[in-house]
Amino acid sequence: MELLSYGFIQRAFLAALLISIITPLIGNIIVLKRLSTIGDALAHAGLAGVAIGLCAGLNPILSAVIFSIAAALAIEYIRRAFYRYSEMATAIVLSFGVGIAAVFSGFVKNSADFGSFLFGSIVAVSQFELYMVVILSIIVCIVMIILYRELFYITFDEEGAQLSGVPVKKVNFLFTLITAVTVSIASRTVGSLVISSLMTIPVACAMLISKSYKSNVVLSVMFALLFTISGLFISFLYDLKPGGTIVLIGIFVLIILLPFRRKN
Amino acid sequence: MSILKVKNLDFNYSDKQIIKNLSFSVEKGDFLCIVGTNGTGKSTLIKLILNLLKPDSGEILLYGKDSKNFKQFDKIAYVSQKATNFNAAFPATVEEVVSAGLYSKNGLFKFKKSTDKQQIKKALDTVGMYDFSKKLIGNLSGGQQQRVFIAKALVSSPEIIFLDEPTVGIDMKAVDSICCLLGDLNKKHKITIIMVTHDISSILYHANKVLNLSEDGHIRIISAEDYRNETISEHYRHDKNC
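Protein chains in written order, with this note's numbering: chain B, 1 to 264; chain L, 265 to 506.
Just so you know, the hints here were simulated from the structure itself, not pulled from any lab data.
List of simulated lysine-lysine pairs, DSS-like, C-alpha gap at most 30 Å:
(1) K339(L) with K377(L)
(2) K214(B) with K381(L)
(3) K211(B) with K369(L)
(4) K377(L) with K169(B)
(5) K214(B) with K339(L)
Covered stretches of chain B, as calculated for chain L (at least 3 residues, CB under 8 Å):
(6) 163-176
(7) 212-220
Taking beta-carbon pairs under 7 Å as the criterion, some of the chain L residues facing chain B (in silico):
(8) L314
(9) F337
(10) Y342
(11) S344
(12) A364
(13) Y367
(14) S368
All of these numbers come straight from a predicted model, not from anything done at the bench. Built from N, CA and C at the ideal position, the CB exists for glycine as well.
With the sequences and hints as input, model every part of the structure.
Here it is in structure tokens:
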């Protein structure tokens, strides 16, 4: 408990808790649309933005956001172009992001800066970054509550949603936008390599035991909070990398839950 | 009064003409079956009417309005072919699935209303699935799932329901019960039904019109009774040749 008296630890906890609330909210839609790898693709595109931003002397978070949004739009475009092989879109964008990040990272003067985006630097979260996470979390929560019915309908039956008058294209665009911004901002705190796991593992755990869509959303947020809080404590106690610890706890819980999965 | 009018409709997939110069109309209270062999454009026709596909030429009027500009989403409902092929692992209850159908009535940015629960109950009661409302949709049989999708269509109290092969992949007993349910919706609830089907023998006693599409582009719209008589004599001829 003494840990929590330090300002940097308080900031780390608050940022991590907020991210672990919003990532499964987005993750539910992504997983149920069978686009689990989209988080990875956007995170890697964001990493390319970070590398270019650091090389060009721009704010790396801002360039990551721009790259992630461009990548999200590219994924939607490629998905439509390869309708029957739409899962290819994430692989193509992911490869492109890795390619650019790999090439430009060689020109980054301070490689520690680049590394902090790869694995996150949750204990180094500045006051400004915390504000960004707070504002982002408020926006994501508001959008997800207001568009709850629309997103559920689109995820379950996109054609049916369109015929019921849901503005499918506009809702999908807005969702893509907040996913891209969330991935790039959250990468700074928990790391590009971890963010996708936070979107999928809590949802996967919830799917094993949930009895409705609503309970799936609530349970996934609870699992994400559990992984994050326990992961942060364990990592601080044993001097481990927080992002990796959070993910490993999530996988551990998933393995424990597997035998208890509901019958389908 | 014609609630649906199709005039001189043409539609091509790549180079192949699927629908050629099709014209017909549907009156309020009709039960129209769209039949024909594979590839004659039955499902395509439903998608054209619902503006999910764009025709090459011709006109489709829903309640007198061009279907492209039709916005009275609560008046129509659609049970797609995909209904039986959906993701069975999707963690949604029967009640949640049916409540999605209320969107066309409630509209954008609206939260659940107190009356929604009663409407969901009424729709599920009509299809005999209220006792399953808390069950996950993936845990039901094919026939039960299809009843739920019909309840989802019914919940917004539509005037027309379009169904695209709703009995595909369902056992014969469930097919008969779904056909009876659709017959009831048409006769007791006065809902106009437009349905693409292959299971013509089960549904024919409930329908009043048949639109027969054939590969050579020959289109006929006849009464269900005439179609029944023709089919029986054709079967009889076929049996004699065996």
